[in-house]
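Trainee: Based on the provided sequences and hints, a complete structural model is requested.
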Amino acid sequence: MDDDQEYEALVRILEPYRNMRIETGPVVLSEDYLRMIEEVASAPENQSGADKTWVETAQREFREYFARVAREN
Amino acid sequence: MVIGVSGVNHYAQTAGLVFTTQDHDLFLPPDPANEQRAWHACRREGFDLWCGGEPLGEPMDRVLAEQVVSRRALVRAEGHGLLVDLTLVMAGFAFEDIWPRRRVFKVGEVNVPVASLKDIVASKAAAGRPKDRLFLATHEEALRELGRRRRGWSSAASKKNRRG
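So the sequences go chain by chain: A and B. Per this note's numbering, the very first residue in the first sequence carries number 1; after that it's consecutive. Per this note's numbering, the very first residue in the second sequence carries number 74; after that it's consecutive.
Check before you lean on any hint, since a few could be wrong.
What the hints assert, rightly or not - Covered stretches of chain B (chain A as the covering partner; in silico rule of three or more C-beta atoms under 8 Å from a C-beta of chain A):
| hint | segment |
| --- | --- |
| 1 | 126-139 |
| 2 | 204-212 |
To be verified - Which stretches of chain B does chain A cover? Using the computed rule of at least three CB atoms under 8 Å from a CB of chain A, they are:
| hint | segment |
| --- | --- |
| 3 | 93-106 |
| 4 | 112-123 |
| 5 | 191-199 |
These are computed hints drawn from the structure, not numbers from a lab. Note that this is a predicted model, so its numbers are computed, not measured. Think of the CB as a built atom: it goes at the ideal place given N, C-alpha and C, for glycine as much as any other residue.
Mentor: What follows is the structure, encoded as structure tokens:
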């Protein structure tokens with residue numbers, strides 16, 4: 001498949017999405033979601049002073065992984 | 074203070090709940106002196122600074138900081154594979170409203186102030202852009218799934234205890 005054919009195939013695939021209406025504007029959060037947020041925020045590991053070094057490590061590893069995937073493809 | 078998806082990630086209870094993001098949003102108070110300090114700190118660490126798609130002007134003096142703050146302009150620091158947005162705006166909130174509700178987490182040797190989870194989520198709900206809506210739907214589902222798994226673990230543990 002040459003570049004033009006690939007492009008045309010891509011346009012065909014994306015056609016239904018071009019007409020999709022994406023909603024915007026304020027969202028009302030459900031009671032259930034707010035309750036779950038409250039639970040997470042009140043967990044002992046989420047109080048001030050907690051060590052979150054692992055979060056930064058995980059975020060860095062994700063970034064490095066995706067950068068590698070992008071380069072390889 | 075960290076806000077945005079990166080802020081939410083600080084409340085993740087498992088690595089599976091850490092959302093992939095390339096940018097980190099830092100919400101700064103509308104204070105020119107503080108803004109200037111943030112710029113200089115970024116430069117010292119090897120980040121390039123951008124504002125409105127152009128390199129941040131020189132010199133990075135008080136006059137420039139006052140202009141940026143009065144316009145509530147976004148300054149982006151780019152480097153080390155990271156994008157750090159120094160923002161003066163958080164949808165639905167003023168800096169002084171959310172600062173008292175922050176958590177201060179340790180990352181290595183650094184104390185990192187992070188906005189409360191509820192404030193970050195409420196801000197995304199107020200902004201309501203497609204990417205915010207997508208994030209909220211995904212985050213809600215991830216928390217629900219975590220709850221289901223925990224109930225599963227706890228029920229399996231009590232069965233095991235009854236047997237043993």
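Trainee: Work down the list of hints and note, for each, if the structure agrees.
Mentor: Consistency of the hints with the structure:
no., hint, verdict
1, 126-139, "violated (count 0)"
2, 204-212, "holds (count 3)"
3, 93-106, "holds (count 3)"
4, 112-123, "violated (count 0)"
5, 191-199, "holds (count 6)"
Consistency with the previously given hints fails for numbers 1, 4, ordered from lowest to highest.
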